[in-house]
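Peer 1: Chain by chain, the residues:
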Amino acid sequence: MNAFYLFLAVLVPFVGGALNPLIPWKKRRHMLWYLEGLVTLNSVLVWMLLLHRPLEKFTLVNFTGNLAIAFQLDGLGTVFAGLISFLWPLATLYAFEYMTKEKHEKTFFMFYTFTYGVTLGIALADNFLTMYCFYEMLTLVTLPLVMHTLTREAILASRKYLYYSIGGAAFAFIGMIFVITYGETSDFLLGGVMNAAKLSEGRNLFLLIYVFSFFGFGVKAAVCPFNSWLPQAGVAPTPVTALLHAVAVVKSGAFAIMRLTFYCFGADFLRGTWAQYLVMGAVLVTILYGSSMALKETHLKRRLAYSTVSNLSYILFGVTVMTPAGFAAGICHMVFHAFMKICSFFCAGAVMHQSERHYIHQLDGFARQMPKVFAVFTAASFALMGVPGLCGFVSKWNLADAAIASGNVMAYAGVGALLVSALLTAMYMLGIVVRAYFPKADFDYGTVADVRDPNWMMLAPLLVFVVCIVGFGVCSVPFTELFAAVARGGF
Amino acid sequence: MEIIRNFPCLSILLAMFSAIISSALKGAAARRLNTFVVTAVGVLSACTLYFTHVTGKSYVYVMGHFPAPLGNEIRFGTLEAGMALFFCVIMLFSLNGGREKIRLEIDPGKENLYYIMVDLLLSSLLALVYTNDLFTAYVFVEINTIAACGLIMIMESGRAIEAATRYMIMSLLGSGLFLIGLCMLYDMTGHLLMSNVQESVRQIAAEGSYMIPLLVTIALMVVGLAIKSALFPFHAWLPDAYGYSTVSSAAMLSSLVSKGYIFLLIKIIYRVIGFDIFVQSRIINVLFVFGLAGMIMGSTSAIRENDIRRMISYSSVAQIGYIYMGFGLGTTAGMVASVFHILAHAATKSLLFVSGVGLTDVADDNKQFIELTGAAYRNVCAGLAFTVGALSMVGIPLFSGFISKLLFSQAAVQSNLKMLPALIVLAISTVLNTIYFMKTVIRIYTPIKSGYPSVFAKDHPLYALTLLCFVALNIVLGMCSQPIADWITQGLSVFA
Amino acid sequence: MEHCLLLPVFFPILAGVLLLLKRDFKERRSLLVYTGAVLVLGGAFAFFAVMVPADGVTLFYLTKEFPIFFELDTLGRFFSVTVTLVWVLAGFFSFEYMKHEKNEKRYYGVYLIVFGVLLGLDFAGNLITLYLFYELMTLTSLPLVLHTQSREAVMAGLRYLFFSFAGAYMALFGIYFICHFGTTLRFTAGGVIPAGALAEHKTLFLVVAFLMILGFGVKAGMFPLHAWLPAAHPVAPGPASAALSGVIVKGGVLAVIRVVYQMIGVDFLRGTWVQTVWMTLALITVFMGSMLAFGEPALKKRLAYSTVSQLSYILFGLSVMQGEAVTGALLHVAAHAFIKVALFLCAAAIIYRTGCTRVDELRGIGRGMPVTLWCYTIVSLGLIGIPPASGFVSKWLLASGSLASGIPVFSWLGPAVLLVSALLTAGYLLPVTMKGFFPGEGYDASRFTGKEPPLIMLVPLLVFAALTVLIGLLPNGLTDSLYTYAVHLLTLEV
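Protein chains in written order, with our numbering: chain A, 1 to 491; chain B, 492 to 987; chain C, 988 to 1481.
None of these hints come from the bench; they were simulated from the model. Accuracy of the hints is not assured; some may be wrong.
Heads up, simulated DSS-like pairs for lysine-lysine below, C-alpha to C-alpha not over 30 Å straight-line [unchecked claim]:
1. B/Lys-940 to A/Lys-27
2. A/Lys-372 to C/Lys-1086
3. C/Lys-1013 to A/Lys-440
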């Protein structure tokens, strides 16, 4: 297909989203059809692009010097764009039902749809500058979503989110300058674009800059010690927390780190250096920190958010192994975790929507009242723990396999960290499940009598996700082969 | 086309004479005259810009046809012409944006005085931009100072007068140092015309004699101008001066007056001392360090500030730090970045001042943050404009601030020793900028029930139009940065 | 024909899931009929699969190289027969017992699912499949522990979960390495890791082996990760405790055998610190379990401690890595399964009929429930190791194997500890019999009169008691084939 459609895919959500508050909707349902149609159409466009990939790139404007805002579609971008465009229509459907109880819907959906375009922009970016631009924009368009409820808590959370994100981007900016200055081309190229002579000359400097930008992008990917914004941002409405703070935003951080590591600096240059050990160390600490905090947390969404912190670092662990296999495993977990986490968040959202309960100790006996939601939640929990046969196991398996194959002793320790974290995951997820299914013996079901499963608009996405979770787990082979091909550059 | 060569001189004279005429005019007439003059000078500068850009050379205009040692010269290239045009544009916008406030805050009988000061300011700025004579430069520096003082004092409140006095003292200290430097230079070289001075300086440098006096001279002139342009740590006068004057004054002071001095400094660096000699002197390291310190300290003070105007003023300290940091890098790329930042900052800072006043207006002129909660809903266009300005200051892509940041970092990467400090401080400064600007943005977008009235754009068309122009200027600088950067590079190359 | 392997695994699982999803039956009777039919059918399928030789069957590929694969070898057959016998009989026992518990449907549904999962564990043809069913076993048996939903049960359940997963993940750590270095994941006597890799990464593999033994040992209640067992087993409903204590713990044993003998290889481990530490831990557990049981007043908890101790008999036998000892260990798997199930069922019958849970309340119970107590006594003798019951044979083999192994210190220390523990076993089991039959002069045991449980409870008890005696009387056929298999596992020349 013509490369122009790449730009179109980014543009459509912007235009469509901006129109939404302008159109005087007579019925709320009309807005749903409009938004759902818009998003679905765009997703269809993206999928058509993925299946018929344009080979050339599309240059929108020349920014400064040899830099341009340009779009193209390579393997990694394909995976990320495919993931995003698959999830968005479902999440919109869910969000529409969820938002019945919230105010300022029109603005909310405007920014929600903007975010779709921005995230696609990150996925389809051809060069570092384009990605950086969309990365900054992502912070800005998601800010109103975090602020949405406008409570004091939400304002504080959004401030923190903003400071952290922009601050992180400021450090990533340093990396961008280096890539622009010392890169032989400004486009992303698997294996790195840095000038080899310069690299060997200023080795430590380049490593330092890599570490800066790793942590810079790592802010969005919630790497220790820059992750406290994520659980706080859980004050946003659940569709935001689920789609943005479990998938789009945070995965953009991980995606950017992948671009930085494999497409700019080059894994061969970084492997075995102090920089690798440093970032891997930070990632391992995050894995354990996130899981431990999740276990401690009693607020349902915040617990899931901490779980996200930990799981994002699984992805980054794969990246920091810095082998093609590790990269493939990172991509794999990026995709699979998206399904598991959005699924569990949507369940949490359904609980909050139907019952206005936010804390885990209030969930006694819910499974009998919301059997479908909790069946899905249980499946998602099992997947997150890594029960074989579900997708979480596959990605963890690949991560561990890559770590062992790399022969790096710290990566061995990383496998241990993964497993400790898996144990903690079992505790904090099953703690909820057990409570919901097995309330205290003298539990009075009268207190939850009015709690019901939500309607089809919330259940349908859950069903799709759970089917994906099982499907990915049972026939993972085509997917892992695809990811391996992407990581090798064969796709 | 030859007639265009007369335009720079003409525009200086035009501004000066309009000031004289205004003294006899009533407020409204003075205002109209001023608007006309600023526009006319803008048009003249645009013609000059076109002319110099097409020819690609710089020209010397000899005043009254007296040749070098005795006479006075004007020299203009594409950079000077562009700068003059830009100053006119910003001045026009700033005045239009603050027009209503001027009417409210200034005693009607003294309105013409205000416009006299503005005309004088314009003429002195143009002179600073165009002149090729050091002493003329000094004279106009003083005129500029006096005009600026007048602009601050015109409010006639106690704080404004105190601020003006403080500004006067610091400025005079700066001019004094500049004058001493000038004297020493004259002692050493025996010339006052920039081109002649430079020849002698080259000779001195080549011979190696008078190296210490030369260094002292450079230091004196640089420090003198640095004080006047509020480089950290000489910025103590700034927050009061910007914070308690009328909004147009604040906008012009921050984006024109200090920028005029900085532009003069660039001229001195290139035309009087010579870029290579300047780079070899240790002064640039001092500038670099002070620039970095300013970037951090300015922002830190801004974070602590509770008054929106003073916060924006402190932000200027940080931004001036950026510019001096660019000088301190000692490369042409650094210079280009600094010049670009002069433009970007001027466009953004005046936007912030002007939109800030829109926000404080809907809070009964209360500048405290707590009162501004939700102000963006009561004055939608000021809110949006302020957000754009804030994003630009933070360095979000598509706005002008991002390009300066990009250019600064690209320049920094070329220098081995200064790269890391510059990059890290840039990053930290971005974080700090985010903290105080975005905090404000979030605050003004936090809805609250308040008794303050709402203001609509259709009731203040001029104000809204000004804001729109400012925003457009910002986005143009941010999106079409390449021709501008090329233009600056070309301008600097014909500068010396 | 190979698909007959899938039937016993998935038929009960599906039937159980169906039961859970279904609305409540109108009559309790139909629930029982359904469950009973599934149990019998599942058992029949399992026996059929065990009898009929079949090739392995691949279900699907979990990751690129590793399929979910089922295959039956001798070990699998042996375990699955044990499981099936215990599960079906304990299931029938619960038909009566569960009358006084709530949520019966859930109980039976889960019970059926666990049945399938256990058979899957036994049928697993490679390490990944084993791990899959191992985790499923933990997850699906959790509702049995939680069933009563008392605070105690929930805490015990969570503890069970935590320990089990800690163990499973320790083992998974090892599995990652084995998968990476091993040539195949099919169970192969003597190990699958090339000698070169073993020599190169000796320390790594020793650590891996140790972690895996420790990890899978969690399920078998091995010190120091045994604390979950005495908490979790007694809180389940009676028949479920019996099944948990008799069979599910054996899943850990099976996994340990698979890993040590068929993945890493005994030749590599023999004489290393791993073997020494393993033996030490096993002996500590044997002794400690018995001591704790001796001091425990509640009957079910006492039996749970006894399980801790007895399981480590098996682990000790395995750790010796000698033909006779391994034979003894394998035989003890079956012997202990039948005995412990019988003991727990007795306890359940007593609780069901009289509500007594503490040992000192059982004075004179032999008057009212003679058949139950006789069964209890017979299997107790088996557990202590008094001929002619089955425990005697297995313990004899364990001790003689240990003595013959020639390992310094442990070759005699082991039997000594086993002997002491046997004395303690007598000490904690027999008082129930003695006080039950001989409450003393003038003791009024009338409250037990006529409390003998109904036939559906007694028949399983009798069957298990009979099996215990039968194995003890005619052990030769079984021990011979087990010995052959042990030799095969140890890759010794016959």
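Peer 1: Can the restraint linking C/Lys-1013 and A/Lys-440 be considered satisfied, given a maximum Cα separation of 30 Å?
Peer 2: Holds. C/Lys-1013 to A/Lys-440 sits at ~26 Å (cutoff 30 Å).
Peer 1: For the pair supplied as a hint, B/Lys-940 and A/Lys-27, confirm whether the alpha-carbon distance does not exceed 30 Å.
Peer 2: OK: B/Lys-940 and A/Lys-27 at ~29 Å, within 30 Å.
Peer 1: Given the hinted pair A/Lys-372 and C/Lys-1086, is their Cα-Cα distance within 30 Å?
Peer 2: Roughly 29 Å between the alpha carbons, so the hint for A/Lys-372 and C/Lys-1086 holds.
In summary, this structure violates none of the numbered hints.
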